[in-house]
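Undergrad: So you can see what is in the structure, the chains are spelled out below.
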Amino acid sequence: MPQTFGFPILTWITFLPILGMIILALIPAGKDELSRDASKKYFRWLTVGISFVQLVLALVIFGNFDYNLAGINDPNGFQFVEKFTWIKANLPMVGSINIEYYLGIDGISAPMVLLTTIVCFVASFTSFSVKKSVKGYMAMYLLLNTAMMGCFVALDFFLFYVFWELMLIPMYFLIGIWGGPRKEYAAIKFFIYTFVGSVFMLLVMVGLYFTYQIPDPSNPGMMMHTFNLVAMLDPANIVPGSIFASIGSDIRLIAFAALFIGFAIKVPIVPFHTWLPDAHVEAPTAISVILAGVLLKMGTYGMLRIAFPIFPEALGYFQCWISTLGMISIIYGALCALGQHKVGKRDLKKMIAYSSVSHMGYVMIGIASMRPEGITGGIFQMFNHGTITAMLFMIVGVIYDRAHTRGLDDFGGLANKMPIYTGLMTIAFFAAIGLPGMSGFISETMVFLGSFQTYPLNTMLSGLGIILGAAYMLWALQKVFFGKLPEKWQGPWDPTGKLYKGDDVNAIELTALVPLAVVIIVLGICPSLVLDLMTNSVNHFVEFMKPFVMIGGINC
Amino acid sequence: MYDLVKFVPLLPLLGFLFLGLLGNKIKNEKIIGSIGCGTVGIAFVLLFSMFWNFIQAPPESAVIVPIYNWITIDDFNIQIAYQVDQLSLLFGMIITGVGFLIHVYSIGYMHGDRSFFRFFSYLNLFIFMMLNLVLANNFLVTFLGWEGVGLCSYLLIGFWYDKKFQGTRLTWTGDAANKAFITNRVGDYGFLIGMFLVFITFGTLEYTSVNQAASNAYMSYYGSGIMTAITIMFFLGCTGKSAQLPLAIWLPDAMAGPTSVSALIHAATMVTSGIFLIARNSVLFALAPDTMTVVLVVGIITAFTAASVGLVQNDLKKVLAYSTVSQLGFMFAALGAGAFTAGVFHVMTHAFFKGLLFLAAGAIIHGMHDEQNIKKMGGLKSYMPKTYFTFLIATFAISGIPFFSGFFSKDEILWSVYANNGILPWAILAISALFTAFYMFRLLYLVFFGKERFNCEHGKPHEAPATMTIPLIILAFLSAFGGFLGIPDVLGSWASESPNLIHNYLSPIFADANRVLHSHAGHSSHSSILELGLMLVSVLLAVFGIYKAKQYYSDPAWTSPRKLVRNYNGIYRMLLSKYKLDEFYFAVVVDTLLNFSKNFLWKIFDVKGIDGVVNGTAKGTLAFADVARKIQSGIVQNYALLMTAGIVAILCIYIFI
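Quick mapping for you: the protein sequence lines, in order, are chains A and B.
Counting from 1, position 123 in the first sequence corresponds to residue 122 in numbering that gives the first Met the number 0; the numbering is continuous, with no gaps.
Counting from 1, position 214 in the second sequence corresponds to residue 213 in numbering that gives the first Met the number 0; the numbering is continuous, with no gaps.
Read the hints as simulated data drawn from the structure, not as lab findings.
Keep in mind it's a predicted model, so treat the numbers as computed, not measured.
Each residue gets a CB set at the ideal place from its N, CA and C atoms; glycine is no exception.
Hints may contain errors.
Claimed, not checked - From the derived model, a few chain A residues whose C-beta atoms are all more than 12 Å from chain B:
(1) Phe209
(2) Asp493
(3) Phe547
What the hints assert, rightly or not - Pair ranges (Cβ atoms, derived):
(4) B:Leu640 to A:Pro27: 56 to 64 Å
(5) B:Ala648 to A:Thr10: 39 to 47 Å
(6) B:Phe623 to A:Ile176: 25 to 33 Å
(7) A:Phe61 to B:Leu3: 53 to 61 Å
To be verified - Each computed BS3-like pair below joins lysine-lysine, with the alpha-carbon atoms no more than 30 Å apart:
(8) A:Lys416 to B:Lys29
(9) B:Lys385 to B:Lys375
(10) A:Lys182 to B:Lys597
(11) A:Lys483 to B:Lys162
(12) B:Lys26 to A:Lys416
(13) A:Lys483 to B:Lys24
(14) A:Lys416 to B:Lys24
(15) A:Lys483 to B:Lys579
(16) B:Lys163 to A:Lys416
(17) A:Lys87 to A:Lys182
(18) A:Lys483 to B:Lys317
(19) B:Lys29 to B:Lys602
(20) A:Lys483 to B:Lys385
(21) B:Lys385 to B:Lys459
(22) B:Lys579 to B:Lys597
(23) B:Lys163 to B:Lys5
(24) A:Lys500 to B:Lys597
(25) A:Lys487 to B:Lys163
(26) B:Lys602 to A:Lys182
(27) B:Lys618 to A:Lys483
(28) B:Lys602 to A:Lys500
(29) A:Lys483 to B:Lys163
(30) A:Lys500 to B:Lys562
(31) A:Lys182 to B:Lys618
(32) B:Lys607 to A:Lys182
(33) A:Lys40 to A:Lys30
(34) B:Lys26 to A:Lys483
(35) A:Lys487 to B:Lys607
(36) A:Lys416 to B:Lys459
(37) A:Lys487 to B:Lys162
The shape of chain B in the complex, shown without the other chains:
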């Protein structure tokens, strides 16, 4: 049964090869689209059937399905092998499930594009790489996927390579793609070093063996320098791929790509790779309490910073991008607090509602003829009712309105952070959640309500075709009800012993990590009244944010926000310019490096220094030869003189020494 996992990545790979090599000849969008969607759809069905089998009769341990020996030198052997367990199945289903819907959506979204086939071949390649990342049974295959999705992200951000793009020091979409790839490389460096450290520590790169070895000897590894080094290096990798500070700068510019790419890669799947990596190696992280603190702090700061920037942006996709960065920060905060399940749960709900938000945004941009500025929208509710309705559900979900999916996952994160790390981290996250509710409803009001601020020179806004709206509706359903998979005990204890299905499902994966965590931290218990109280507070904060957004933006003159901007202009400018982080990096890192390389290393050290010595030697030889040449004057008297001098000299030496 589980051998079927071989075909899961194979199908999208075949799709990529077929479309990439022959798509140009096929030209028929229907055929190309069905192949592109079909491979991913079948992969989902395969994964789902495996999942079904799995929950019926969970195997004792992860099922490893080897494919072939990739790199073999003597006793060093790296296999291409897939690991079927709770975590890889869950991520695999999110990737192929949400991925399938986004593929279907793209048929409508990319209709008429001259590179339609190229788009679908890249998307299939992406799914292939992403599946390698999560299904891998060792670090190197994950790294293959890790870099592979980076490549796809690069190719898809710069998909419209001759299109201009506005950004700090970016002119073309390709520049944004470069920024994404190069920034990610910094993270990849961390991944690589972490991997080497794992290899010299454990002598293997296989997840099961590494985690087994680590948890067996956890007493000696706990808090050791090597564990901290390994996990910090991997976390550096995570900050790249999952756009956390200090490497978060690439994600907002990644919006240069087509919107379905933003939904698939830069919201639902690829950017959650970092969470996957930590979840996969939860034991290693649990053994490094210092790293856990770093993960928590970075997550919280990123969540807050990105949410605050999101408050003032005017580009529809930029707001969603910052929102993604912020939500990823929530996930890392959960992992840092040791609540691995909560983090993974939020990955799932986030894939639903953020995927939906981006797809709906795509429908809006499509309907508005490529307008992305929300100040130039308004009143779209009547033009695109289906989009509006789905967008609304996703907005409820992300804002944490009770019983929508985001409510459950976000609240579990907030509660775990409070329970493990106290009130301050909780408060910062709660304020970020308030910001989230505010900026999302600001979007909603500016886009769908109020007066129409667009001109109809390209024609009136229109609702998207069915290929686009059907995925929206399915995702809306999931965003609305997906959260019931993770009902917290405090709310569901009346119905069942353990109502949190996702918790039950994932508990074997995190059992070792939790054992390590609990053995080293005093297990404090909190009352369920407190949990309910905090839940109420965060709901009230969200409602307050919504209320403020409504109050500010239902007013067509935007009186209050305008007044705020005037009164707090400094803060506003800082937020609008994203804390000047891009400028900082360009000035401090990029320019310094380029100027040093060019003006010192190359022009002076290389050309003047080393080459100067080389050419100088040549010149010196010539100059010497020039002098020496003069001795050969051709005048016989000179030769006779020299000869006499020579004889005298030799005689002197002979006699006196």
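If we strip away everything but chain A, and leave its shape as in the complex, we get:
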């Protein structure tokens, strides 16, 4: 029996923000200056409240998670399952359409659910710095939140696709309206890039629908096509002669490649990454945080949940290339981040954006290794990159809000002016470098350890990323925080004292930054807290993939 929970917790955690949106819509924006300020406060705290409840729900899930269940291709191994028919229609020519509202999580999605709530919670504080049409912003923010959560809990491909597309709309507006000077360009680029990926995904999804059929529960003896992602992992459900029926056929390889590109754009893997630096540079801080913290993980999650297990033999065919692409992303991203150091107007955010490309490359080589250590490390790296990069972007946001510039050359010696901030920044930067004792180290080491057994050469090249990473991160740290404070920042940030009372980070920013720092350090010391969630699922996953892929041995 699927493991249900007395209370539809996944529906709540997913759709709570929509409820928040409705409440938000009912609060008037205010007519005069005073009431507008008051309602802005409501909007902000409402968003914080909703995100907080989500976080609590995620912790309830975490506390009730059964570590013995694996999930992956076993419908009874999923937890907190909610399943009923959503759309059922008989259409001429096509036959019956069956779409299920099917939610559930296993060890691969559980860490992502946790990550999403953590990042959305802290980013809701970061959103306080948005001053323009707060109501619309918060509504979009909440919608985005629902869409992201939905992606991680959906077990029906159609439902997944709906959430996936739903994510684009708020993201487009959040960048396009609340973004920086080149926001339109960045928003459209983001939209088109991701949309191209979605089109690929849609085509494959329709093909898959006609390939699989399961017994129709309402019509005994009859079969029906399905979008059920778990059912797609059982070869017994394949309709003979259908489009993706013959394992190893070219059409399956093409379908895998299409699906892979769709997800790779989101990760992003070089060469599908150029939307990322623009989107990050133009997006408001909180949206950069969400983008790097959660959105990018959707790509690698999609690979693990959909592309790899549905087309395992195609993964075996492309495995070496995928690992190589991961390696290229690591080096390429790191070099581009390094390249920012010689640019006249060096932008801190762009550097961190490129570092994301590099860090997501670790996830790729980890999951491409198909070793338990590598995949566990890869998923853990998704989690850690989420928290660490979120912290990095918030930190950039803090000085950007004050100085209205992110140029590395505009700063220096901030350590004297903002000691607490500098301490937090040092933690974030060293976490990003992968210093032992912090979470990033564990995931990087496990990724390398796994990957080294399957693709030693790729791993050795990828390892150079840790040297380059130290170089670009530390040069930036040195430039901004140490040395001498430039003349123009000698005084207080805000002479009127209205926006910023002291020089150092304020309470709201601390509320956002400190939890992340705590998560990063605690998971560096006790990684088992998250690793244990996925151990069983990953082992099961590897068992499932084993007949089709490379595991260990010297090649590539």
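Given chain A's structure and the hints, the job is docking chain B onto it.
TA: Chain B in isolation, oriented as in the chain A frame:
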């Protein structure tokens, strides 16, 4: 009893957390200082009591004390666990013992600094990390410490982050910190790869299991490619942390930090991690004769190069820094020659005398109001007699004057290198030892003797306070007599069967490695007359160096050195500019990489190439739409024409095909 080892790293960790989080509120230097010193002091006492217990009744094998499971995935399990054996106890005692003295010294040295608490919290963190490095029972925990000490080194080099620092392409102390960390990362890369290779070869990362497996199957592993690969990768790690060529460039610039940091991290403890790593895995290295040769050659070249640069430097701390690099080269030469004990013994004596030299240098700089240029000193003997006296003892020790500590350890290295690798490596090391004696006495004469070349605008030089001089005196005592722990057989055989205590103590650790080495090398015996003769030669060389230094620098006009500089200007410039190694790295590695990344990869490939294709597609679509739009002209005649053309076309296709 050995369970107490849990508390050894825990104490400094608590000290770090307490001081780091609350130090700002405490503000009282006495309280902060006593907490900082206390944690390290108690850790030393614990280690010493364990050591005492240990030598009374040595356990059969290393005692493993597990703390908790760090990373567990299925059957892959990495524990945080500590290993108590001869090697970890010895290193632990050096770290906490010398560390404690340097902590005490720092109370005086850092007095009045606005970040006093931060300094002590970093120092405690460093001790914690260093203890993890040496007490670990597996590679990953050592790596935790390895990177952790790198972090502390980074934080402490850049401790005075708003202070300028002179160096090749370095402007701030933070730049020097970056250089140290990034250079070390190259070494860390080697460590990581070595660790992965160990894992795929032995299926475990625990030292005891790895060394056991390697020595059990030594016939098949000896000289194999995998052993060479593993050890070369680890040695790359060692060249980073222990500042050997080609990665030695960071250590001299690390002197940007406070002087007690230089003493603790960049002389006595952290930089010897590389020696520890090789000693800990002596079996693996013994199984890779090619790597041993590389270790020997790198050690010798580094010892010689650094000593030669030390001859001409004028910055007090720089001279000591190059001296450290050179002495570390001696240690690696010993390891490369297979004399593991000699290398570890030199780590110990070096911790005493080099720690002392740096602390004394700190006292001098303190007394001279932050002057570091030895050309602007002179005649300090009468102002700071205690510092002078301790400095003198350390100088004797490092120069290898008989019966001071450095004499025993250095001579054992020279002898082992000769016995195993012949006369040439011995000669290069002996000349390096001559250089050492010369530059140390040059320092001594320029700083303490001769006329006073400083101006007293900041006030007269003064002797350091007691918190600083007491550690100096204790270290001076150890530098003078510490060597008697390792009396070579040839000198002490009249008194006892095996007079070399350190040898006896460490022999179980290196038993396997020595077995491997002896089974593959013809065991040649040398006469004790030869050993004594070589000893005499090296002592004479040292005395010659001292004599020359005295002759050159007791002359207030420095006639002879000035003449040398004029006559051999090329060599002098080369030494003064440190063989232009920094410039070479910046030009060949750093700039090339930065220019490639920026000018090609980012600006052309990324922005013009990939983005060009993306934007080009968009532009192409627009352009096409622009043409296609014209068809929709709104003129009915055009539509009719097009429609007719279409019908004709379809009919043609229908009829003819």
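Undergrad: With reference to the structure, classify each hint as holding or not holding.
TA: Tested hints:
1. Phe209: 31 Å, holds
2. Asp493: 24 Å, holds
3. Phe547: About 20 Å separates phenylalanine 547 (chain A) from the closest Cβ of chain B, which puts it past 12 Å; holds.
4. B:Leu640 to A:Pro27: 56 to 64 Å: 59 Å, holds
5. B:Ala648 to A:Thr10: 39 to 47 Å: 56 Å, violated
6. B:Phe623 to A:Ile176: 25 to 33 Å: Holds, at about 30 Å.
7. A:Phe61 to B:Leu3: 53 to 61 Å: At roughly 36 Å between Cβ atoms, leucine 3 (chain B) and phenylalanine 61 (chain A) fall outside 53 to 61 Å, so the hint is violated.
8. A:Lys416 to B:Lys29: Within the cut-off at roughly 27 Å; holds.
9. B:Lys385 to B:Lys375: 20 Å, holds
10. A:Lys182 to B:Lys597: Holds - the C-alpha atoms of lysine 597 (chain B) and lysine 182 (chain A) are around 24 Å apart, at most 30 Å.
11. A:Lys483 to B:Lys162: 8 Å, holds
12. B:Lys26 to A:Lys416: 19 Å, holds
13. A:Lys483 to B:Lys24: 26 Å, holds
14. A:Lys416 to B:Lys24: Measuring from Cα to Cα gives roughly 18 Å; hence the hint holds.
15. A:Lys483 to B:Lys579: 29 Å, holds
16. B:Lys163 to A:Lys416: 18 Å, holds
17. A:Lys87 to A:Lys182: Roughly 41 Å separates the two Cα atoms, so the pair is violated.
18. A:Lys483 to B:Lys317: Satisfied, since the Cα-Cα distance of roughly 25 Å is no more than 30 Å.
19. B:Lys29 to B:Lys602: 56 Å, violated
20. A:Lys483 to B:Lys385: Violated, at roughly 38 Å.
21. B:Lys385 to B:Lys459: 16 Å, holds
22. B:Lys579 to B:Lys597: Status holds; Cα separation ~26 Å.
23. B:Lys163 to B:Lys5: It is violated: about 41 Å lies between the C-alpha atoms, which goes past 30 Å.
24. A:Lys500 to B:Lys597: 39 Å, violated
25. A:Lys487 to B:Lys163: Between lysine 487 (chain A) and lysine 163 (chain B) the Cα gap is close to 20 Å, so the pair holds against 30 Å.
26. B:Lys602 to A:Lys182: 21 Å, holds
27. B:Lys618 to A:Lys483: Violated: lysine 618 (chain B) and lysine 483 (chain A) sit about 46 Å apart, past 30 Å.
28. B:Lys602 to A:Lys500: 41 Å, violated
29. A:Lys483 to B:Lys163: Holds - the C-alpha atoms of lysine 163 (chain B) and lysine 483 (chain A) are around 9 Å apart, at most 30 Å.
30. A:Lys500 to B:Lys562: Violated, at about 65 Å.
31. A:Lys182 to B:Lys618: Cα-Cα ~19 Å, so holds.
32. B:Lys607 to A:Lys182: Measuring from Cα to Cα gives roughly 20 Å; hence the hint holds.
33. A:Lys40 to A:Lys30: 15 Å, holds
34. B:Lys26 to A:Lys483: Holds. Lysine 26 (chain B) to lysine 483 (chain A) sits at ~25 Å (cutoff 30 Å).
35. A:Lys487 to B:Lys607: Violated, at roughly 35 Å.
36. A:Lys416 to B:Lys459: Between lysine 416 (chain A) and lysine 459 (chain B) the Cα gap is close to 35 Å, so the pair fails against 30 Å, i.e. violated.
37. A:Lys487 to B:Lys162: 20 Å, holds
In terms of the numbered hints stated before, the structure departs from hints 5, 7, 17, 19, 20, 23, 24, 27, 28, 30, 35 and 36, listed from lowest to highest.
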